[in-house]
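Asks: These are the residues of each chain, in order.
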Amino acid sequence: MDMEHEVPPLKPRANDERYYGRGTFLGVTGLGLSSLLWGAPVWNALKGITKPISSAAQSIGVVPDGWRIYTIASTMPRFDPQSWRLRISGLVDTPLELTYKELLALPRTETVADFHCVTGWSVSNVHWAGVRFDDLLAAAGLKPQAHALTFISAEKPYVDSLTLQQLRLPQVMLAYEMDGKPLTRAHGAPVRVVIPEMYGYKNTKWVEEIVAAPAAIAGYWEQNGYDVDAWVGRSNGYSS
Amino acid sequence: MATAASPPRKLVRRFTRTERALHWVHASAFFLLLGSGLVLYVPALSEAVARRQTVKAVHIYTAIAWLVLIVAVVVLGDRRALRQTAHELDVFDRDDRLWLRGRRRPQGRFNAGQKLNAALTASFALLFAVSGSLLWLGERDTRFRWASTVMLHDGLMFISIFLVLGHLYLALIHPTTRQALRGMTLGTVDAKWAERHHQKWAAEVEPPSE
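Sequence order for the protein chains is S and X.
Heads up: take any position in the first sequence, counting from 1, add 938, and you land on my numbering.
Heads up: take any position in the second sequence, counting from 1, add 86, and you land on my numbering.
Keep in mind the hints are simulated off the structure, nothing from the lab.
Incorrect hints may have been included.
Stated by the list, open to error - Straight line, CA to CA, 35 Å or less: simulated DSBU-like cross-link-like pairs of lysine-lysine:
{"hint": "1", "chain 1": "S", "residue 1": "Lys985", "chain 2": "X", "residue 2": "Lys142"}
{"hint": "2", "chain 1": "S", "residue 1": "Lys1119", "chain 2": "X", "residue 2": "Lys142"}
{"hint": "3", "chain 1": "S", "residue 1": "Lys1081", "chain 2": "S", "residue 2": "Lys1094"}
{"hint": "4", "chain 1": "S", "residue 1": "Lys989", "chain 2": "X", "residue 2": "Lys286"}
{"hint": "5", "chain 1": "S", "residue 1": "Lys989", "chain 2": "S", "residue 2": "Lys1081"}
{"hint": "6", "chain 1": "S", "residue 1": "Lys1039", "chain 2": "S", "residue 2": "Lys1081"}
{"hint": "7", "chain 1": "X", "residue 1": "Lys96", "chain 2": "X", "residue 2": "Lys286"}
{"hint": "8", "chain 1": "S", "residue 1": "Lys1094", "chain 2": "X", "residue 2": "Lys142"}
No experiment lies behind these values; they were computed from the predicted model shown.
Just need the whole structure built from these sequences, with the hints factored in.
Replies: Okay, structure coming up:
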């Protein structure tokens, strides 16, 4: 473009001017606003095409792996395998403290499920491994009055709870592995709740105490207006 | 870089203080929002920085400050100059249309690429503000929680990174355009450069009397 000055301007003629500036502004704005209606369904429909591109970009670290790390405290809890204990208390016959080793020695379960966040993002085919709650609680023994478990996170003051009925859904577990590796710090090391049927905020991370209770309580996000029963696609204002 | 021996060069005024204030308010807010937004979005950064509530507050208060300052500049500044600039950015004449098709045509105060960039920037600012407000409202009221909002906000972010990298390249590195930077910092540009790259505009303006 260095020689622009050697070209004489064109003679002005009628209707020479086009309002491309506002055209671009209105077109792009309209496209963007309308995408609030079609963005998610179209993106999901295109997943088959975009998946190879996005996983290639993720593998070289250009874009995030699909997860977003939501925390409420100023620092993430740190896991020390030596000193860490999982306390089981409340309406149980024998309150317990499990070491990380004792937890890993319990019967192991695995599942593959999609993870959905209430804010609209999802991660497909997450491979979880951990312990079913009936196996976890067998030694403690639930009292008949217990109908829910409350999960207390090492990230204060995060708590959440699930009913025993919800906890017996087939894919639900206290997970200690994600995608073949021990849970990382950002994902709740060493253990987190996994209930793929519900939005992420019911999947409490950094669990350090499990309290058997007569009923589910309103957890951290529920006290901020989110639904206690956070079924994917049919809670929190979503319907499908 | 001018040396002591070189003759004083002629300068022409390209941007008023109002236009420069608008640009730098927007630019500063953009980088604060991008930085804090990436900490909220990229897992490795989220983990390294933690303090999500603080970072989120920085993100939201920067957005509010951006809006307040943009409105303040428009209300308190030289609105006639802004209207004139908006008009120049809006209108594409035949030279502009040929320029977009890769032809070397004389350009006005803004070349056609700069005009398109301005339109995209304005549109993106509005879309960022709308989708960001919806994300904020959606945390408080389920009626505003739509599955596509976060995709719009993220998508705008990805495209914006490419646009701003191109903008920075042209403003700081590319030899024939980087002289425009002093127009946006000091307000004036070299008259010779203006004649070469913004011929139709250079023919209209008188050098400032200083």
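Asks: If a hint holds in the structure, say so; if it does not, say that too.
Replies: Evaluated hints:
1. S:Lys985 to X:Lys142: 29 Å, holds
2. S:Lys1119 to X:Lys142: 30 Å, holds
3. S:Lys1081 to S:Lys1094: 27 Å, holds
4. S:Lys989 to X:Lys286: 48 Å, violated
5. S:Lys989 to S:Lys1081: Not OK: S:Lys989 and S:Lys1081 at ~47 Å, beyond 35 Å, violated.
6. S:Lys1039 to S:Lys1081: Holds, at about 26 Å.
7. X:Lys96 to X:Lys286: Since the Cα atoms of X:Lys96 and X:Lys286 sit roughly 17 Å apart, the hinted pair holds (cutoff 35 Å).
8. S:Lys1094 to X:Lys142: 18 Å, holds
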